[in-house]
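Participant: What follows is each chain in one-letter form.
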Amino acid sequence: GEDVEQSLFLSVREGDSSVINCTYTDSSSTYLYWYKQEPGAGLQLLTYIFSNMDMKQDQRLTVLLNKKDKHLSLRIADTQTGDSAIYFCADLNQAGTALIFGKGTTLSVSS
Amino acid sequence: NAGVTQTPKFQVLKTGQSMTLQCAQDMNHEYMSWYRQDPGMGLRLIHYSVGAGITDQGEVPNGYNVSRSTTEDFPLRLLSAAPSQTSVYFCASSYVVPGLSGNTIYFGEGSWLTVV
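Chains P and G supply the protein sequences, listed in that same order.
First residue of the first sequence: 1, per my numbering; consecutive thereafter.
First residue of the second sequence: 1001, per my numbering; consecutive thereafter.
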């Protein structure tokens, strides 16, 4: 079945760049998403990328998509302590009716 | 501008009790869904609805019922609560079925449910 995998933890220093990686199995994916969850809160959409794009940049966020390897990454430039959160990669299921989430990557930013 | 509103935020239930988690959105979204979030498991889809009167099962539907009598509301019912249903529940909505476009999927703040 469809699956999304991500590394579970990432620790960086304030000011460094963070790169969170994700792999997915569905070769027909049309949209791929990155969500952020702060402690005790819901999920906030950070960005998404359409499958015909290789890269999308939005201020400090850069999303790279390698369709051949089914690999998605989220780069956060100049990481701040406020970026500490859980980041979820998500793919649409084949029917397009729901999101399939990875288990989430916990980003810890130290000052 | 309320967005997606979930109630209650916290609830403790005894095994065997029933309850309803409420979800309402004021954005005239056709698509609504319920996910549960468990430690180390990410979010898993319970049920979803593509419009009023239409519901379908997700990945983990057992023990849960839903209905969609209006566009705005999508309640999730636990018929006989079990400790395995201890989780954080998220309601989400979007203008149309996500696969039709890259439209934003909005999430509620979550409902923390403990079954003892």
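Take the hints with a grain of salt, since some may be wrong.
Derived, one-sided and incomplete: chain P residues facing chain G with beta-carbon distance under 10 Å [said to hold, decoys possible]:
| id | residue |
| --- | --- |
| 1 | Gln6 |
| 2 | Ser7 |
| 3 | Gly15 |
Straight line, CA to CA, 30 Å or less: simulated BS3-like cross-link-like pairs of lysine-lysine [unchecked claim]:
| id | chain 1 | residue 1 | chain 2 | residue 2 |
| --- | --- | --- | --- | --- |
| 4 | P | Lys67 | P | Lys103 |
| 5 | P | Lys36 | P | Lys56 |
| 6 | P | Lys103 | G | Lys1009 |
| 7 | G | Lys1014 | P | Lys68 |
| 8 | P | Lys68 | P | Lys36 |
| 9 | P | Lys56 | P | Lys70 |
| 10 | P | Lys70 | P | Lys103 |
| 11 | P | Lys70 | P | Lys36 |
| 12 | P | Lys36 | G | Lys1009 |
It is worth saying that the hints were derived from the structure and are not from the lab.
Every residue gets a Cβ at the ideal spot worked out from N, C-alpha and C, and that includes glycine.
Participant: Under 10 Å is the threshold here; is the Cβ of P/Ser7 close enough to any Cβ of chain G for the hint to stand?
Facilitator: Not OK, violated: P/Ser7 not within 10 Å of chain G, min 13 Å.
Participant: Check the hint pairing P/Lys103 with G/Lys1009 against an upper bound of 30 Å on the C-alpha distance.
Facilitator: 23 Å, holds
Participant: Take the C-alpha atoms of G/Lys1014 and P/Lys68, compute the straight-line distance between them, and say whether it is at most 30 Å.
Facilitator: 49 Å, violated
Participant: With the threshold set at 30 Å, check whether the alpha-carbon distance from P/Lys36 to P/Lys56 stays at or below it.
Facilitator: 17 Å, holds
Participant: Check whether the Cα positions of P/Lys68 and P/Lys36 lie no farther apart than 30 Å.
Facilitator: 26 Å, holds
Participant: Between P/Lys67 and P/Lys103, does the CA-CA distance stay at or below 30 Å?
Facilitator: Measuring from Cα to Cα gives roughly 21 Å; hence the hint holds.
Participant: Holds or violated: is there a CB of chain G closer than 10 Å to the CB of P/Gln6?
Facilitator: 9 Å, holds
Participant: Is P/Lys56 within 30 Å of P/Lys70, Cα to Cα?
Facilitator: Within the cut-off at roughly 16 Å; holds.
Participant: Can you confirm whether the C-alpha distance between P/Lys36 and G/Lys1009 stays at or below 30 Å?
Facilitator: 19 Å, holds
Participant: Does P/Gly15 hold up as a contact with chain G if the rule is Cβ-Cβ below 10 Å?
Facilitator: 29 Å, violated
Participant: Against the 30 Å threshold, does the CA-CA distance of P/Lys70 and P/Lys36 hold or violate the hint?
Facilitator: 21 Å, holds
Participant: P/Lys70 and P/Lys103 were given as a pair; does the straight-line alpha-carbon distance stay at or below 30 Å?
Facilitator: Distance of about 17 Å is within 30 Å: holds.
Against the hints set out earlier in the document, violations occur for numbers 2, 3 and 7.
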